[in-house]
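Novice: Chains as they are written, first to last, in my numbering: chain A, -13 to 344; chain B, -13 to 344.
These are calculated hints, taken from the structure and not from any lab test. Heads up, a few of these hints could be off.
Copies of the same chain look alike in the list, so a pair counts if it fits in one copy or across any two.
What the hints assert, rightly or not - Below 27 Å or equal to it, Euclidean Cα-Cα: the simulated DSSO-like pairs (lysine-lysine) are:
1. Lys314 - Lys298
2. Lys126 - Lys336
3. Lys314 - Lys191
4. Lys343 - Lys51
5. Lys126 - Lys297
6. Lys314 - Lys336
There are 2 protein chains.
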Amino acid sequence: MQKNFSFKLLRSALGNTVVGGLALILAQGFLIMGCETGKVATTDGADSYPVTLVIHGGAGTISRKNMTPEREQEYRKALQHALDTGFSVLTKGGKSIDAVIAAITYLEDCPLFNAGKGSVFTYSGRNELDASLMDGSNLKAGAVAGVTTIKNPIQAAHAVMTQSEHVMLAGRGAEQFAAEHGLTIVDPSYFVDSARYEQFINRRKQQGTKDAASPDGPEKKFGTVGAVALDQYGNIAAATSTGGMSDKRFGRVGDSPIIGAGTYARNTTCGVSATGWGEYFIRLAVAHDISAMMEYGGLSLQEAADSVIMKKLPALGGDGGIIALDQKGNIAMPFNTEGMYRGYIRSPGKAEVFMYKD
Amino acid sequence: MQKNFSFKLLRSALGNTVVGGLALILAQGFLIMGCETGKVATTDGADSYPVTLVIHGGAGTISRKNMTPEREQEYRKALQHALDTGFSVLTKGGKSIDAVIAAITYLEDCPLFNAGKGSVFTYSGRNELDASLMDGSNLKAGAVAGVTTIKNPIQAAHAVMTQSEHVMLAGRGAEQFAAEHGLTIVDPSYFVDSARYEQFINRRKQQGTKDAASPDGPEKKFGTVGAVALDQYGNIAAATSTGGMSDKRFGRVGDSPIIGAGTYARNTTCGVSATGWGEYFIRLAVAHDISAMMEYGGLSLQEAADSVIMKKLPALGGDGGIIALDQKGNIAMPFNTEGMYRGYIRSPGKAEVFMYKD
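Same shape as in the complex, but just chain A (with noise of 0.2 Å):
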């Protein structure tokens, strides 16, 4: 009851901000404020666990030389806007699962961001979606791959692990799943940007430049988006969504729908959730990766999240970062290029974001 109720809360507020600015504003004084109050909401008196949530907007070559100080601002308050929403589940003594759904929703819905709207386009000028989440508790786990018409992924992935009996559905199929089970489903030019999709439309026209660097940006190639959460009752989940490569063809999956590559969650050792060049990803299966360097090799989260990231990683000669907590709020962000948006908050706290390496 408790997961349906802040779910549907949030569902409610988030969708507002699609809708117009006033709702926007509303939603976040409202779930700001939530932040602000900073108490957990201990129903059952249980506040051993130290709640926490940790999220990431994509790593690539994000610099300051590149930013503006108004773009600098949109990417932090939005960073800080989906860290309060995800955290005001958790302090409301919502699940781990729950929190990185909502967090990933608003990030999803945010143009900046290489996910749900405003994703980037591929060769044929689609925007094809993949997400996937895990629920540390039972290791169970859903995913969506390829898909064109569903809002918000994550819900979609939540419910292949909830009201399916399988983890990953792709393409159609997964779009037909998504519309019986009541999700929202939209028109594919939903998911486009259109001050992105006439850059797009202008490198098209323009010959010999089909293999030049994205016009979307370097950082957003690869661009994706995570979040890994702790609740008050010791769960860990971890959840990941992207609107995949840009300029990809031939139905390419990369890391972030595969449980095991982009995402994993165990309660005993960690969530994960990775960003970066997914075909190394997945040869490393990173976020199991680091799951079992903890569980077999004894490591701290930190250790394991350095030794893959910053060694095996590049060492196979591909980038990128993750996000990880353990069950003791400890958390691991580390990346291997130039930046990477993210930013955790901890209960009491205050959301804190970075985008550079210092």
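Chain A is fixed; fit chain B onto it per the hints.
Specialist: Quick look at chain B alone, frame taken from chain A:
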């Protein structure tokens, strides 16, 4: 050069098996002779690794009481032929990746198994195929998911690995990629085994039995084929191919095309191919987990394989099995079902095949 030569030789031999019985008999004679000589071609004098091939043809309720002597003989012959086919690549000095492709290509072409021709039907009466493979020497990997027109999905997975920057392609995009790269494209009707299709149609006509046990026999519902090889250079490769879960809907993707779940290979640990209830294999990242238990926990191949298949998997409610080998040529073939079609061959050696627990 060696790679291309041996692969072409095998492709031409295997291609004939589809065309006519005479060619099949000739090819069989050639390959079995190749096996019986049992000598490793040591053009460069290298023979320090015990050349080994292990395969599976699916796990499930395979028991003597459900099996006729004739049908048992068919399965034994097919498994032996697959082993001989792959092993002849190794004994000619070929690479493990080409050996597993050769073995899987034969199993895909053989209608007895749930992969390639003879695959089970989806809910809507289609054959949707998945395959993946991984080279343990460099962690390169390739996979295709949900394809309906590629005669040998394992060869498409290999093309993805070697001729694209991607690891996984899905659906029509994967089919387009395969066609552009010269793989054999067939009409979807090619995969239909007529006797099996009649069963499917009869069942669809009957009311109220749509959730009954699979007409394909319970061992086919989650059937898969797989191969893992160690070549004379010490390189391990693993490959898996499947027709998926019978009656599957909504574009369901199982573990077979997921690197880390159904397939994994790393020279310093092991190669693994899985078969069983795919959702559980994804949630446990079974193939990568076995590798990680060896790498970080210091377990032997058998200990790691048994721990995952005989303890973790049933604890979660899943069933199935895996085949695996390490660089010393140790093999493991644990399963927690009634039976698993499986076998291995070592240098110099005779193919050994098994079906039941004893």
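Novice: Of the numbered hints stated previously, which ones are contradicted by the structure, given in increasing order?
Specialist: Hints 2, 3 contradicted; others consistent.
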